[in-house]
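Here is how the chains run, residue by residue.
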Amino acid sequence: MTGITHTTALWYASRATGVVTMLLLTAVVVLGILVNRQGRLPGLPAFAVTGLHRNVSLLAVAFLVIHVVTAIVDPFVTIGLAAAALPFASAYKPFWLGLGAISLDLIAALILTSLARARIGRRAWRGIHWLAYAAWPLAILHSLGSSTGARSGLELSVLAGCVLATAAGLTWRLSHAARQVPRAGRAAAALREAPAREAMR
Amino acid sequence: MTGSLTLPYPPLAHGGPPPGTPGPGGMPRLLPESGAVPVDLASHLAGHCAFRFARGREDLLREAEAAGLTGRGGAAFPVARKLAAAAKARAAPVVVGNGAEGEPASRKDRSLLWISPHLVLDGLQLAAQLAGSRATVLYVQRNERLHARLAGAIAERAAAGIDAASVELVPAPDRFLAGEESALAGRLAGRPALPAYRPARGLPRLAPGRAALVQNVETLAHLALIARYGAAWFRTAGTAAEPGSMLVTLHLADGRASVAEVPLGVSMADLLGLDPGRARPAMAGPAGAAPAGAGPANAVIPSTAGPVQAVLVGGYHGAWLPAAEAARLPLANAALHPLGAAVGAGVLAALPAGRCGLAETARVARYLALESAGQCGPCFNGLPRIAVALERLAGPRPDRSARADLERWAGLVTGRGACHHPDGSVRFIRSALRVFAAEAALHEQGRCAGTDTRPFLPVPASAPASEEDWS
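First to last, the protein sequences are chains B and S.
Residues in the first sequence are numbered consecutively from 14, following this note's numbering.
Residues in the second sequence are numbered consecutively from 196, following this note's numbering.
No lab work stands behind these hints, which were simulated from the structure alone.
Here the structure is a predicted model, which is why all the values come from computation and not from measurement.
Please note that a few of the clues may not be correct.
[Said to hold, decoys possible] Facing chain B, from chain S, some residues (calculated, C-beta under 10 Å):
id	residue
1	245
2	568
3	569
4	574
[To be verified] A short list of chain B residues far from chain S (calculated; beta carbon distances all over 10 Å):
id	residue
5	23
6	60
7	74
8	89
9	146
10	185
Beta carbons: idealized from backbone N, C-alpha and C, even for Gly.
Chain B extracted, bound-state conformation (with noise of 0.2 Å):
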């Protein structure tokens, strides 16, 4: 490989924003595991947080769309329009692709639910939420499989990374959901807890 050209350079934004798409999913799986059990990040409250997981979710899908339309203009291989969603249709590293193919309609489904919420109920909304946590390893083992150059050095890490990073998350979830508010306490629980830097008269 022999720098940027006009051939590789599609090559090159692909692997660049898969990796970015990663990295993003991967925020908006913590973020996610920190809304469901109102988790804080500091200097925001707790409600905040789901505004930011929905931001980041949206980010994501805008590198997620230039990686796939990338890989699939790219001539260096040959993907198909098909490839990108029907899994293992690809010539090109059929098994890799296909997992990155079904993590892709997962996470279609999870935006399409998402917008349409108001209408199929909150109930059925939550159940194809879940998906969120099939979509994220199926990223991550299509990153895995798929590029040569994560098998070893920065992009191994960076996988790495995420890998630990939700780890961390689903851990901190788990313990918590042992010790958690029961929702009628936590209107009161948040009045304790809210600063009352002067006292009524």
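Starting from the known structure of chain B, arrange chain S on it as the hints suggest.
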């Protein structure tokens, strides 16, 4: 507030012809003259004519639409539209009379149920007929005496064999949100009475394929009168846009509370005994003139129950108005909506001069925060923070960040809940910041115009601690 929340209820503020002989615009319609309680079934039936305007389903639907009757639970939703949806539903919905009355400052539903239970039960049967339903529910706040009385009325009707649909009496938990439609649906489905996420359109569902038609008990009583005397009669009271009468709970400046039936569009000055002609500028606290930059303090308006500085319109999801402004307005949404206020469920409270409006609002804000169902983050995290920031503003020399914190959090919670609890609470709190701006400026100087620290607005002492408290 000295008025107790136990039965029996204070005398009615308005006399008039007894039910059965409603003259044009005559009041009251729903409640007999004071002294005539209790109304048993025999005298109820003897006092009223037959359902002349409800010979068939279409008949009643047309009459309800022509009457322009709106829901009296607070949202003022057109009743005919809900009834039409119920009549069209694939499976007959359960008809529910909603008498949860979770608003601590309101007493009108329990007064109506105590004084005219048969009018409500008539309306429940009519709505059931219209919906093609054989099962109805009367959902009423926990109160042994009231429940015993209603059970007696239901048994009386069963013995007389006048009803086609059964009536089940279900107690509502003593929570602010117990009467919210999805919370009510949860309670009837055997779960705690907590608001639920649901598609915003259509009737609330109790179970798959089983919807509920929920109407406030006062709305049902009006329906029973419209079925008897017709839409034209109903419209002889009220305004063209907001016809008919409504029950209001009045909290006068001397602490007395009463329930009255009034035509919509009635002058609020008349209701509260305000005399705007004799207004005097407010005393800006013990130390003299109002501080610069906050505008003048609200003018104090004399009333038959003592001087009044501000009026709370529409209860704890309602809005404060300066007394002078309230005194020139009619009780009608057409006049109140432009000012960010609404008739709501008809709670009017005249805050006497000498009380601190910010302290009053802060007390209610704390109560509203504790009544959060604890389901939506913006609500159960946001409202407590807002309540505490307001408590800081209600205290002496609040730090500068309190006001900014409050505004920021208020913006963050609005429109973010499954139900309207955060929105309604924020509307109420923001109106206090507008109306009591001069008071807030005094507090910054370490002063307060309030001389009487006794609580004025009624706030229940108990907060929910477990799921049990919601069932």
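Comparing the hints with the structure gives:
1. Checking residue 245 of chain S against chain B by beta carbon gives a least distance of about 44 Å; that is not within 10 Å, so the hint is violated.
2. Here the hint on residue 568 of chain S is kept, as its CB sits about 7 Å from the closest CB of chain B, short of 10 Å.
3. Because the smallest distance between the Cβ of residue 569 of chain S and any Cβ of chain B comes to about 3 Å, under 10 Å, the interface hint for this residue holds.
4. For residue 574 of chain S, the interface hint holds, the least distance from its beta-carbon to any beta-carbon of chain B being 8 Å, beneath 10 Å.
5. Listed as a non-interface residue, residue 23 of chain B keeps its Cβ farther than 10 Å from every Cβ of chain S; the least gap is roughly 42 Å.
6. Non-interface status of residue 60 of chain B relative to chain S is broken: a Cβ of that chain comes within 10 Å, the nearest being about 4 Å off.
7. Residue-level check passed: residue 74 of chain B sits 23 Å from the nearest beta carbon of chain S, beyond 10 Å.
8. Non-interface status of residue 89 of chain B relative to chain S is upheld: no Cβ of that chain comes within 10 Å, the nearest being about 46 Å off.
9. The Cβ of residue 146 of chain B sits about 21 Å from the closest Cβ of chain S, beyond the 10 Å cut-off, so the non-interface label holds.
10. Interface exclusion of residue 185 of chain B from chain S stands, the closest Cβ pair being 17 Å apart, more than 10 Å.
The structure does not agree with the numbered hints 1 and 6 stated previously, though it agrees with the rest.
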